[in-house]
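For the sequence shown, our numbering begins at 1 and goes up steadily by one.
Hints may contain errors.
[To be verified] When the alpha-carbon atoms are kept at most 25 Å apart in a straight line, the in silico SDA-like pairs for lysine to any residue are as follows:
1) 205 with 153
2) 223 with 153
3) 205 with 181
[Unchecked claim] Label-pair restraints from in silico Cβ distances:
4) 191 with 107: 51 to 59 Å
5) 51 with 162: 54 to 62 Å
6) 162 with 194: 19 to 27 Å
7) 95 with 213: 12 to 20 Å
These are calculated hints, taken from the structure and not from any lab test.
For each residue, glycine too, the CB sits at the ideal point set by N, CA and C.
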Amino acid sequence: MDGTGSGRELGAFLRAMRERLLPQDAGLPSVGTRRTPGLRRQEVAQLAAVSIDWYIRLEQGRVGTPGAAILDALADALRLTDAERAHLHLIARGAQPPSRRTGEPPASLRAILDGMPSLPAYLSDFRLDVLARNTAAAALFGPGFEPGVNAARLTLLDPGTRATQLDWERIARETVGNLRRNSARHPDDARLRAVIAELRTESPKFATWWDDHTVQDRSHGSKRIRHPQAGDLTVCYDNLTSPDGADHSLTVLTPADETSAAVLRTILTDHANRLGGTRLRPVAG
Numbered sequence: 001m002d003g004t005g006s007g008r009e010l011g012a013f014l015r016a017m018r019e020r021l022l023p024q025d026a027g028l029p030s031v032g033t034r035r036t037p038g039l040r041r042q043e044v045a046q047l048a049a050v051s052i053d054w055y056i057r058l059e060q061g062r063v064g065t066p067g068a069a070i071l072d073a074l075a076d077a078l079r080l081t082d083a084e085r086a087h088l089h090l091i092a093r094g095a096q097p098p099s100r101r102t103g104e105p106p107a108s109l110r111a112i113l114d115g116m117p118s119l120p121a122y123l124s125d126f127r128l129d130v131l132a133r134n135t136a137a138a139a140l141f142g143p144g145f146e147p148g149v150n151a152a153r154l155t156l157l158d159p160g161t162r163a164t165q166l167d168w169e170r171i172a173r174e175t176v177g178n179l180r181r182n183s184a185r186h187p188d189d190a191r192l193r194a195v196i197a198e199l200r201t202e203s204p205k206f207a208t209w210w211d212d213h214t215v216q217d218r219s220h221g222s223k224r225i226r227h228p229q230a231g232d233l234t235v236c237y238d239n240l241t242s243p244d245g246a247d248h249s250l251t252v253l254t255p256a257d258e259t260s261a262a263v264l265r266t267i268l269t270d271h272a273n274r275l276g277g278t279r280l281r282p283v284a285g
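With the sequences and hints as input, model every part of the structure.
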């Protein structure tokens with residue numbers, strides 16, 4: 001990085017961010033009268049645990065590309081929002097910041113999940129571990145689809161799941177590509193590495209597709225499902241990611257046509273009757 005172009009943009013952004021902060025906002029004592037607004041350079045360097053000389057050169061655009069960890073330290077020192085942190089990483093190194101993961105998805109996603117009883121939906125993380133699912137998802141996918149299972153393992157290793165996926169090869173390849181994308185975003189996650197290692201060992205198809213380096217983002221698509229009692233239906237799936245950078249995903253399935261909507265209504269009604277519940281509202285076609 002030099003003193004032109006992106007270096008000037010980064011320096012201007014850092015200056016603007018520190019000048020808006022009062023020392024007390026950053027947990028520092030306010031001593032004496034300040035001739036300039038906001039934090040001083042040495043205070044930002046102190047908060048981020050970097051040298052003052054290096055930070056001055058960074059604002060002047062005279063250092064190489066900073067590492068992600070240093071940028072995160074600066075983001076914390078400057079009290080940046082998630083959007084500002086992402087912008088800092090993009091202008092400093094041309095890449096999105098690493099995700100800041102949390103163990104539990106936001107309560108709002110669980111509320112959305114529970115608030116759509118007539119549409120199958122489930123929450124998962126970047127490892128494709130299922131964290132929660134609603135009753136409609138249990139009705140469609142069966143009792144084995146529950147919190148704690150891994151969707152990639154079910155897709156690649158479970159014969160029963162494979163029999164219900166009429167577009168199995170395409171869906172399985174998408175799953176492999178999704179895991180490869182996530183492994184690049186979370187290279188140090190032990191659980192994700194264990195899932196991938198097991199699939200490479202237990203599924204020759206997975207090993208072949210993994211080695212062709214396919215990368216995919218399964219944000220939207222459609223697939224055909226064979227329900228053992230109600231028959232075949234086509235559903236669209238949409239993966240809605242959480243805004244907190246934790247890589248939680250809410251997957252919602254909707255019937256692709258009126259015939260599929262009728263099949264889904266039958267599945268949900270039969271499931272509710274078996275549980276002794278009330279009849280569910282029809283799904284719009």
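Exercise. Hint by hint, which ones does the structure fall short of?
Worked result: When the structure is compared with the hints, only number 4 turns out to be violated.
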